[in-house]
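Engineer: What follows is the residue order along each chain.
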Amino acid sequence: MAFQLAFAVLLRLGLALSPLRLILKDDDLLSSPLTSHSRLREGIYLFQHGIDPYSGGTFRHSPLFLSTFATVLPSSGVVCALLWLLVDAAGAWALVQIWRARSRLKSSRRDEVIAATYLLNPYIFLPSLSLSTSTFETTLHLISLMFASQGQASPALLILAISTNLSLPSLMLLPPTMLLLLTDPVSHLASPKPFPAKLTKTLPLLVEFLAYFAVLVLACSLVAGGWGWIESTWGAGILLPDLTPNPGLWWYFFTEMFDYFRPFFLMVFTMHLLIYVAPVCIKYQHDPLYATFLLLGIIAIFKPYPTLSDPGLFLSLIALFPETYPHLRYPIVTTLLHLHAALLLPLFHHLWLATGTGNANFFYASTLVFGIANGGALLDCAWAGLRVAIGEADERWVVLQE
Amino acid sequence: MPSLAVRVRSRIRSALSSGDNGAKVRRRRKLTAALWSNLAILRVLLLVAGYAWMLALPSPQLGGSETYIDENALQPAQVNTYWSWGEVRRADDYLAELEALRDRNASSEERARYFVDEFTKLGVPASTQSYSIRSSLGVSRGVNAYAIYTAPRASGTEAIVISASWLSLTDGYNLRGLSTVLALSAFLTRYSHWSKDLIFVLSDSHLDGMHAWLSTYHGSTQSNMQADELELSSGVIWTALNLDYPGHSFSHLGIFREGLNGRLPNQDLLNSVRVIAHHTAGVPVILYDHFDSSEWPGRQDVLKLIPSWVPQPIREHRDVIEYGYRAKNVFRQMAYQARGRASGAHGLFHQYRIDAVTLFAVPSNGPHGFYALGRTVESTLRTMNNLLERLHASFFFYILTTPGKFLKIGMYLPSAVLVAVALMFGGMGEWVSAGWVEIVDDDGGADAKESGKQQKQKRWVTRSRDVVPALGIMIATHVGGALLFLILSSRWFIAQQAALALPLMLLLAAIPLGVQLIFTDAYPAPAAASSTAAPLSLLLKALTLCLASTLISVTSVLNFSLAALLAVVFGAPLSLAGAPASPTAGLLRYVEYAVLALGWLAHGAQVREAVWQWEVLGVWFAPLVCVVYAPIMLQAGIVALLPP
Numbered sequence: 006m007a008f009q010l011a012f013a014v015l016l017r018l019g020l021a022l023s024p025l026r027l028i029l030k031d032d033d034l035l036s037s038p039l040t041s042h043s044r045l046r047e048g049i050y051l052f053q054h055g056i057d058p059y060s061g062g063t064f065r066h067s068p069l070f071l072s073t074f075a076t077v078l079p080s081s082g083v084v085c086a087l088l089w090l091l092v093d094a095a096g097a098w099a100l101v102q103i104w105r106a107r108s109r110l111k112s113s114r115r116d117e118v119i120a121a122t123y124l125l126n127p128y129i130f131l132p133s134l135s136l137s138t139s140t141f142e143t144t145l146h147l148i149s150l151m152f153a154s155q156g157q158a159s160p161a162l163l164i165l166a167i168s169t170n171l172s173l174p175s176l177m178l179l180p181p182t183m184l185l186l187l188t189d190p191v192s193h194l195a196s197p198k199p200f201p202a203k204l205t206k207t208l209p210l211l212v213e214f215l216a217y218f219a220v221l222v223l224a225c226s227l228v229a230g231g232w233g234w235i236e237s238t239w240g241a242g243i244l245l246p247d248l249t250p251n252p253g254l255w256w257y258f259f260t261e262m263f264d265y266f267r268p269f270f271l272m273v274f275t276m277h278l279l280i281y282v283a284p285v286c287i288k289y290q291h292d293p294l295y296a297t298f299l300l301l302g303i304i305a306i307f308k309p310y311p312t313l314s315d316p317g318l319f320l321s322l323i324a325l326f327p328e329t330y331p332h333l334r335y336p337i338v339t340t341l342l343h344l345h346a347a348l349l350l351p352l353f354h355h356l357w358l359a360t361g362t363g364n365a366n367f368f369y370a371s372t373l374v375f376g377i378a379n380g381g382a383l384l385d386c387a388w389a390g391l392r393v394a395i396g397e398a399d400e401r402w403v404v405l406q407e
Numbered sequence: 233m234p235s236l237a238v239r240v241r242s243r244i245r246s247a248l249s250s251g252d253n254g255a256k257v258r259r260r261r262k263l264t265a266a267l268w269s270n271l272a273i274l275r276v277l278l279l280v281a282g283y284a285w286m287l288a289l290p291s292p293q294l295g296g297s298e299t300y301i302d303e304n305a306l307q308p309a310q311v312n313t314y315w316s317w318g319e320v321r322r323a324d325d326y327l328a329e330l331e332a333l334r335d336r337n338a339s340s341e342e343r344a345r346y347f348v349d350e351f352t353k354l355g356v357p358a359s360t361q362s363y364s365i366r367s368s369l370g371v372s373r374g375v376n377a378y379a380i381y382t383a384p385r386a387s388g389t390e391a392i393v394i395s396a397s398w399l400s401l402t403d404g405y406n407l408r409g410l411s412t413v414l415a416l417s418a419f420l421t422r423y424s425h426w427s428k429d430l431i432f433v434l435s436d437s438h439l440d441g442m443h444a445w446l447s448t449y450h451g452s453t454q455s456n457m458q459a460d461e462l463e464l465s466s467g468v469i470w471t472a473l474n475l476d477y478p479g480h481s482f483s484h485l486g487i488f489r490e491g492l493n494g495r496l497p498n499q500d501l502l503n504s505v506r507v508i509a510h511h512t513a514g515v516p517v518i519l520y521d522h523f524d525s526s527e528w529p530g531r532q533d534v535l536k537l538i539p540s541w542v543p544q545p546i547r548e549h550r551d552v553i554e555y556g557y558r559a560k561n562v563f564r565q566m567a568y569q570a571r572g573r574a575s576g577a578h579g580l581f582h583q584y585r586i587d588a589v590t591l592f593a594v595p596s597n598g599p600h601g602f603y604a605l606g607r608t609v610e611s612t613l614r615t616m617n618n619l620l621e622r623l624h625a626s627f628f629f630y631i632l633t634t635p636g637k638f639l640k641i642g643m644y645l646p647s648a649v650l651v652a653v654a655l656m657f658g659g660m661g662e663w664v665s666a667g668w669v670e671i672v673d674d675d676g677g678a679d680a681k682e683s684g685k686q687q688k689q690k691r692w693v694t695r696s697r698d699v700v701p702a703l704g705i706m707i708a709t710h711v712g713g714a715l716l717f718l719i720l721s722s723r724w725f726i727a728q729q730a731a732l733a734l735p736l737m738l739l740l741a742a743i744p745l746g747v748q749l750i751f752t753d754a755y756p757a758p759a760a761a762s763s764t765a766a767p768l769s770l771l772l773k774a775l776t777l778c779l780a781s782t783l784i785s786v787t788s789v790l791n792f793s794l795a796a797l798l799a800v801v802f803g804a805p806l807s808l809a810g811a812p813a814s815p816t817a818g819l820l821r822y823v824e825y826a827v828l829a830l831g832w833l834a835h836g837a838q839v840r841e842a843v844w845q846w847e848v849l850g851v852w853f854a855p856l857v858c859v860v861y862a863p864i865m866l867q868a869g870i871v872a873l874l875p876p
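Just so you know, the protein sequences line up as chains B and C, in that order. Position in the first sequence (from 1) plus 5 gives the number in this note's numbering. Position in the second sequence (from 1) plus 232 gives the number in this note's numbering.
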């Protein structure tokens with residue numbers, strides 16, 4: 006088993022040092038305008054030359070990225086590729102820690118398999134090779150979940166506040182994370198019960214989160230020298246000013262739209278994303294880790310500027326829930342849809358933007374296939390998570406609804 | 233009709249109410265049972281429908297649409313042409329000097345210098361570019377000459393290329409093509425109506441020279457190519473016309489259009505050339521060098537293809553001959569596209585988003601010559617000069633059945649997709665039968681005897697499907713395919729190809745056998761019909777079928793001809809793959825699949841050509857065959873080796 010992990014690490018190291026990253030650097034599937042490494046470097050350059058990077062339309066990273074990469078962290082060269090690899094490794098480590106917390110084992114034979122599958126998941130390692138900052142977001146999600154699973158409230162909330170600062174949709178993870186902090190990460194899927202703790206206990210956690218968040222916002226404003234960064238970073242996720250194609254479902258819809266409908270549909274799309282939080286948390290109140298997992302899947306499908314990392318995180322988390330596997334209804338169909346989508350996305354992107362023989366509709370169609378693949382995986386996981394509770398049913402009975 | 237509305241409403245209500253879940257479940261079960269019991273028939277039907285559709289593509293009954301000009305700005309054949317007999321005389325003079333160069337075996341440098349001198353005499357800035365391209369087959373060297381005429385009243389951001397290569401796409405010299413380009417450079421630069429720069433390229437050799445010039449022009453480097461930087465440059469190239477005139481006169485203009493990796497130029501370019509050649513120069517346009525079946529030589533060519541045992545009335549039926557003629561055209565296009573080959577020097581342009589065709593002057597005793605060719609080119613250039621924006625994106629996917637008829641994407645795409653769906657259904661079916669097994673209960677005997685109806689009860693139980701070994705085999709075969717490709721493209725293999733091909737084929741085919749021998753000794757095969765774990769052969773077959781299906785449907789949008797080829801080679805063989813009862817029968821089946829997977833290695837010339845095309849031009853066919861096709865076929869063979 007350790008062999009698999011060693012193989013994964015060596016392969017990743019080889020890939021990180023290979024010239025592949027130069028080819029993938031500005032790939033639309035791997036880095037969005039909000040996470041692109043080229044734009045980050047542009048912002049740092051402007052910042053270091055005394056120009057407000059947020060005054061133009063190119064730089065949309067959080068001031069946290071700006072300040073760390075302008076000072077401590079390297080922002081170019083091989084060192085940078087190694088840094089991204091290190092961040093991914095931290096994500097794999099956090100994933101293993103979550104698994105240990107959930108299975109209540111100090112170590113298990115699955116550990117290496119989980120870490121290796123995370124490191125070798127193409128949806129995870131390709132964005133990392135292209136130095137997309139979505140790798141940082143993914144790892145921060147995992148670390149926050151890890152602390153929450155271990156019951157350490159303050160670090161979990163602090164990291165969640167950071168990842169919310171980096172990407173606003175992460176705010177959706179606050180309710181299930183708080184529920185997780187009040188209970189335990191162990192699987193209760195087989196025995197659903199009402200939420201054991203009092204909901205009023207979430208109030209101190211909420212206050213703590215808001216305090217961290219406020220401090221981060223203040224720090225960001227100090228770095229950026231004003232409030233202008235909020236519109237360029239968080240505002241981009243709500244107002245969608247940059248319609249660079251990405252594997253998500255928003256961009257095409259808004260390129261086709263008449264301007265006077267824009268505000269209305271921007272509101273609809275944003276609200277639609279938020280609408281899932283309460284139902285998922287209520288339905289899976291017995292297992293908040295599973296609720297977080299499903300919400301990550303929903304964010305991956307419906308967030309405004311997704312990259313392949315987002316569905317990659319959701320799919321990697323499936324490794325944490327082996328008890329649901331027997332109840333998945335159509336895993337092969339989902340896998341094949343993902344295979345089709347993973348081949349069609351780069352092909353149609355190439356046909357449209359490189360050879361010019363196709364148009365935007367081609368790429369949009371492939372993002373729809375990708376959306377269906379992700380939606381299929383999400384629905385199947387939602388079903389299997391509830392179906393576990395019923396157990397092995399007599400073959401004369403059929404489970405229609407849970 | 234209130235009663236209808238009430239009925240519909242009650243129907244919807246009953247469908248929505250929870251009380252009817254039983255009916256829903258029964259309906260769903262009935263549907264699944266029907267699908268499952270008819271799956272074999274459905275697969276055969278889909279396969280047959282897909283293949284029949286492919287065979288029907290050239291049929292005159294399927295028709296196809298008349299070609300038309302999509303872009304209104306083109307306005308083909310709407311201008312007065314000025315190309316006159318004086319220009320023909322000039323071209324004849326150039327031809328005489330070129331023939332002298334050819335006859336005294338002039339070197340590439342000498343030829344290029346001559347071209348540059350002539351361009352300079354005309355006052356057109358010109359330069360040369362020498363190159364050398366290394367490949368496993370050896371080194372090719374040469375010198376290109378080119379001249380750039382800057383349009384006097386335009387900004388020089390766009391350009392049109394008029395080119396000719398030293399060698400023709402038939403085996404001969406393209407001297408008349410070159411003299412036409414030289415004469416055109418003298419003639420076209422006299423006019424001030426050009427909105428795009430004109431670039432005249434006289435490339436050395438056939439494909440190599442043009443490849444070196446084009447990739448240098450677009451700044452793309454290649455480790456095995458050394459080419460001089462271009463001294464002159466212009467704007468973005470939108471259109472290119474490549475002239476190929478090997479004979480002393482011509483009767484028809486043939487259009488060659490296929491580019492590298494299955495790319496095609498925009499159909500508007502071909503249609504404009506056809507309209508212009510017909511109306512301006514009075515030259516009939518054909519596809520390739522295939523004469524129309526309504527003409528005498530064309531009809532004879534088709535009749536030669538039909539086997540002699542076909543009765544005379546059928547052989548000479550109008551529709552049969554028309555079908556034969558169209559089939560020839562479709563097959564030629566597919567043969568170029570599926571192998572990713574360019575049908576001429578124009579094919580190198582498409583990768584840079586340039587619409588390009590070769591105008592091939594079909595050698596004949598007459599009646600046309602420089603006069604007709606010059607007028608066609610002049611008018612075509614005037615037409616392409618009109619463009620203010622790129623040609624429309626929807627016109628790149630087509631199959632031309634005749635010069636004036638084409639099949640839209642919707643008319644041909646479903647044929648390959650149907651085969652892919654058949655394979656997908658096959659794979660899903662195998663996946664289901666790997667997961668479920670019907671076992672017979674003996675213990676319920678007492679009850680059964682009392683009821684007296686049946687002795688034994690059958691029931692379905694699930695069994696575990698461990699995909700890791702199957703995936704391992706698949707990955708191993710694909711890695712093996714990559715190694716095979718590395719060996720094929722190495723210089724020492726190409727040098728001793730005739731001696732090494734057969735041993736390599738045997739060695740590769742023997743590896744799965746050897747591995748199987750070792751493993752059956754180490755781990756005795758489980759009982760054939762295990763009720764707890766699915767047999768490896770079923771899982772491997774399921775995954776192989778699904779992978780093949782995915783590949784076919786994904787390639788079909790990119791390169792239909794390649795997808796059709798994959799559908800033909802994968803469709804029936806993979807559907808028939810299975811584990812026979814006895815090991816010897818299995819071994820025989822494996823040998824069949826191994827021959828299918830690796831037999832092409834024996835075809836030395838094709839292998840060398842494919843390797844050269846990959847190394848120099850970046851054609852994906854050779855790696856695709858090694859890394860995708862051969863491994864999948866071997867997987868189907870391994871299925872036959874495994875215990876059922």
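It is worth saying that the hints were derived from the structure and are not from the lab. Keep in mind that the hints are not guaranteed to be accurate.
Residues of chain B clear of chain C, computed beta-carbon distances all greater than 12 angstroms [unchecked claim]: (1) Val84; (2) Ile323; (3) Glu328.
Residues from chain C shown here face chain B by an in silico Cβ test under 10 angstroms; the list is partial [claimed, not checked]: (4) Arg259; (5) Arg260; (6) Arg261; (7) Gly370; (8) Trp426; (9) Ser427; (10) Arg495; (11) Asn498; (12) Arg585; (13) Phe629; (14) Trp663; (15) Thr694; (16) Leu779; (17) Ser781; (18) Thr787; (19) Val789.
Backbone N, C-alpha and C fix where the C-beta goes; we use that ideal spot for every residue, glycine too.
Engineer: Could you run down the list of hints and mark each one as holding or not?
Structural biologist: Cross-check of the supplied hints:
no., hint, verdict
1, Val84, "holds, 27 angstroms"
2, Ile323, "holds, 15 angstroms"
3, Glu328, "holds, 15 angstroms"
4, Arg259, "violated, 12 angstroms"
5, Arg260, "holds, 9 angstroms"
6, Arg261, "holds, 9 angstroms"
7, Gly370, "violated, 28 angstroms"
8, Trp426, "violated, 24 angstroms"
9, Ser427, "violated, 21 angstroms"
10, Arg495, "holds, 7 angstroms"
11, Asn498, "holds, 8 angstroms"
12, Arg585, "holds, 5 angstroms"
13, Phe629, "holds, 7 angstroms"
14, Trp663, "holds, 5 angstroms"
15, Thr694, "holds, 8 angstroms"
16, Leu779, "holds, 8 angstroms"
17, Ser781, "holds, 8 angstroms"
18, Thr787, "holds, 9 angstroms"
19, Val789, "holds, 7 angstroms"
Hint compliance for this structure: hints 4, 7, 8 and 9 are broken, all remaining hints hold.
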